[in-house]
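*Asks:* In case you want the letters, here they are:
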Amino acid sequence: MTSYLYDGTFAGLLTVLALVREGGEETTSIGTAPPAQAGLFAATVRVEADAEDAERLLDEIGRRMSPATAAHLYHAFLSETEGAEMLLHHYLRLGWQEGRCLDSLLSHPSVLPVHRLAHRVRFEAHRLKGFVRFREVREGFYYAPLEPDYRVLTLMAPHFADRFHDQDWVIHDVRRNRAIVHGARRKGWEEVALELTGSPVTGGREEWFQSLWRRYFDRLAIAERHNPRLQQGKVPLKYRRYLVEF
Amino acid sequence: MDLEERLGILAENAKYDVSCASSGSRREGRDGIGNAASCGICHSWTSDGRCVSLLKILLTNACIYDCSYCINRRSNDVPRAALTPEEVAELTIGFYRRNYIEGLFLSTGVVRGPDHTMELLIRAARLLRETHRFNGYIHLKLVPGADPLLVEQAGRYADRVSMNIELPTRESLKLLAPDKNRDAIVGPMRTVSGLITRSREERRVSRKAPLFAPAGQSTQLIVGATPESDLQIIRLAEGFYNRLAMKRVYYSAFIPVGDSRHLPALPGPPLLREHRLYQADWLLRYYGFAAHEVLDEARPDLDLAVDPKCGWALRHLHLFPVEVNRAAYEVLLRVPGIGVRSAKRIVRARRQQHLSFDDLAKLGVVLKRARFFLTARGKRLETLDLGESVLRALLTAPAPRPKARQLSLFDGVGGDESVSVLTGEL
Ligand code: SF4
Chain G
1 MTSYLYDGTF
11 AGLLTVLALV
21 REGGEETTSI
31 GTAPPAQAGL
41 FAATVRVEAD
51 AEDAERLLDE
61 IGRRMSPATA
71 AHLYHAFLSE
81 TEGAEMLLHH
91 YLRLGWQEGR
101 CLDSLLSHPS
111 VLPVHRLAHR
121 VRFEAHRLKG
131 FVRFREVREG
141 FYYAPLEPDY
151 RVLTLMAPHF
161 ADRFHDQDWV
171 IHDVRRNRAI
181 VHGARRKGWE
191 EVALELTGSP
201 VTGGREEWFQ
211 SLWRRYFDRL
221 AIAERHNPRL
231 QQGKVPLKYR
241 RYLVEF
Chain D
247 MDLEERLGIL
257 AENAKYDVSC
267 ASSGSRREGR
277 DGIGNAASCG
287 ICHSWTSDGR
297 CVSLLKILLT
307 NACIYDCSYC
317 INRRSNDVPR
327 AALTPEEVAE
337 LTIGFYRRNY
347 IEGLFLSTGV
357 VRGPDHTMEL
367 LIRAARLLRE
377 THRFNGYIHL
387 KLVPGADPLL
397 VEQAGRYADR
407 VSMNIELPTR
417 ESLKLLAPDK
427 NRDAIVGPMR
437 TVSGLITRSR
447 EERRVSRKAP
457 LFAPAGQSTQ
467 LIVGATPESD
477 LQIIRLAEGF
487 YNRLAMKRVY
497 YSAFIPVGDS
507 RHLPALPGPP
517 LLREHRLYQA
527 DWLLRYYGFA
537 AHEVLDEARP
547 DLDLAVDPKC
557 GWALRHLHLF
567 PVEVNRAAYE
577 VLLRVPGIGV
587 RSAKRIVRAR
597 RQQHLSFDDL
607 AKLGVVLKRA
617 RFFLTARGKR
627 LETLDLGESV
637 LRALLTAPAP
647 RPKARQLSLF
657 DGVGGDESVS
667 VLTGEL
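Protein chains in written order, with my numbering: chain G, 1 to 246; chain D, 247 to 672.
It should be emphasised that the hints constitute simulated quantities derived from the structure, not laboratory data.
What you are looking at is a predicted structure, and each value in this text was computed from that prediction instead of being measured.
Restricting the straight-line Cα-Cα distance to at most 30 Å, the calculated cross-link-like pairs of lysine-lysine (BS3-like) are: (1) Lys234(G) <-> Lys614(D); (2) Lys261(D) <-> Lys238(G); (3) Lys614(D) <-> Lys625(D); (4) Lys234(G) <-> Lys261(D).
Just chain G, with the same shape it has in the complex (with noise of 0.2 Å):
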């Protein structure tokens, strides 16, 4: 009976996974802090990320099984679910036995919440690719603040990075203090830490923008055709308070 805990990062839940693969005893917890209640007996092992035995790992994980199943481990990691390192050590262990059949194995106790973990986080990163709104704070940079129910930022940036890579530009997970930071003119992206006290100032040609976004936007809507119900379900309460539009 063991716990094990790792720092929270990907490349450490994938050294505490690589370790347990071999091992013998049950693994009764993986997370970043203790269990609340630890058996009598069990020990707790603190693991630290390796970047290389992660690497190793995720690289056999595309091998054997296939790339597919490594990106449903990342994005299922993606979600912060309490309790998803023991679904993705489940899914995982299945994995070896069953190889490239894992992901066929659509209804399979051990396969199942993982892949649904992995889908909502998939789907709220590609619903919030339209929902971010970039302010221009100084002449050609931008900034988009966000609050996703998921960690999706490094799932997103990729997009971003290809559509606006002329621009210099920030997208910020307000709720986690995280936020992707793309330098135009090919200098690319990454996550960096960063807390803002107080929003940033535009000035009127932002303003300008938009008040005439909204104007555009409050003309769209068909009065006969009124439907605030199937608008509340593609666009939820929690995501409007960064739409300019509502």
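Given chain G, put chain D with the ligand in place with the hints provided.
*Replies:* Chain D with the ligand in isolation, oriented as in the chain G frame:
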């Protein structure tokens, strides 16, 4: 008038064009700004539940023509406004950089003549592509009667071009849009179809060959302003898909915009009929149905009570039930309640295991309607011996309602339908 006011007017009058598609094109953001994502991204939803992905706007709402169904018609007394191509380009870029939109959908009333109007549209698109180096999505409307050379130019700059057929038959068009004629609409559609095919072939030989409307062409027609049957409409759509390789046909429930003696007085726009047409259209495009299977002379109109796939299945009960572990993919697609995603999941999962109804539920297959038409491991949940009329009653039973539910147009047809209102997805 300041820009904001003009924008309001020109958006107001463009909104009846329903096309919101911004997908199907893949431009990469090499130099300049933007890309066109190949799977569409919606940026917002209006209070009537439609996706906003493009800046959909008219260059001007002034028009020399007088189509009875159109709010911009010459004889209608409404404020008129216009934007310059430069203003359109600036707005598009400003909105795009803030991630409000995927691109531009530019339409217009006809000023001076078709060629002059077409030139203005092209100018806006060219400014975006050449001056602003914009790689995002552009949809240009073609003006009936415009010179084929201009049509060709439009397709060089646009991802998609469209010309509205407006009404299902020549006669109706003559009655309601006396300035347009069917040939001036279908002619350019043919030109476009030919140019798209040629461009695809050239690009297979050389990646450097110029693009021509890589997201294809689409069209739109008005439903309920004239007496045509659904069969006529669906046949027309089938012809567009098969012979002109049209990407999409859009159906727009007629909303009275001012009175005309040629127009019917309707209690409200025929939205449910429009919805059924989208579903029938979906059957044509994705489920391998032919128009004559969906409707025939004996039944020229879609059943408003059940969706068209259900309707088809009810008329063909002798083909059911099918065994979920054996039925071919194409057959699964014809089962009411099973869509492309479910059918694919079933096919994939059954390679590994023999599926039961429980497994289906776990796969996320909705059994509400499908249960009547399937067996799993030889077992069935319901008997089909109920006969068509009982079955029909069961299938149309309203879904249980959550308490504080908004009154919606689709009450009584099952709550889950509202999601497919605009796509017709089944
Ligand atoms: S030509 Fe177009 S804008 Fe002009 S009245 Fe007819 S439909 Fe309306």
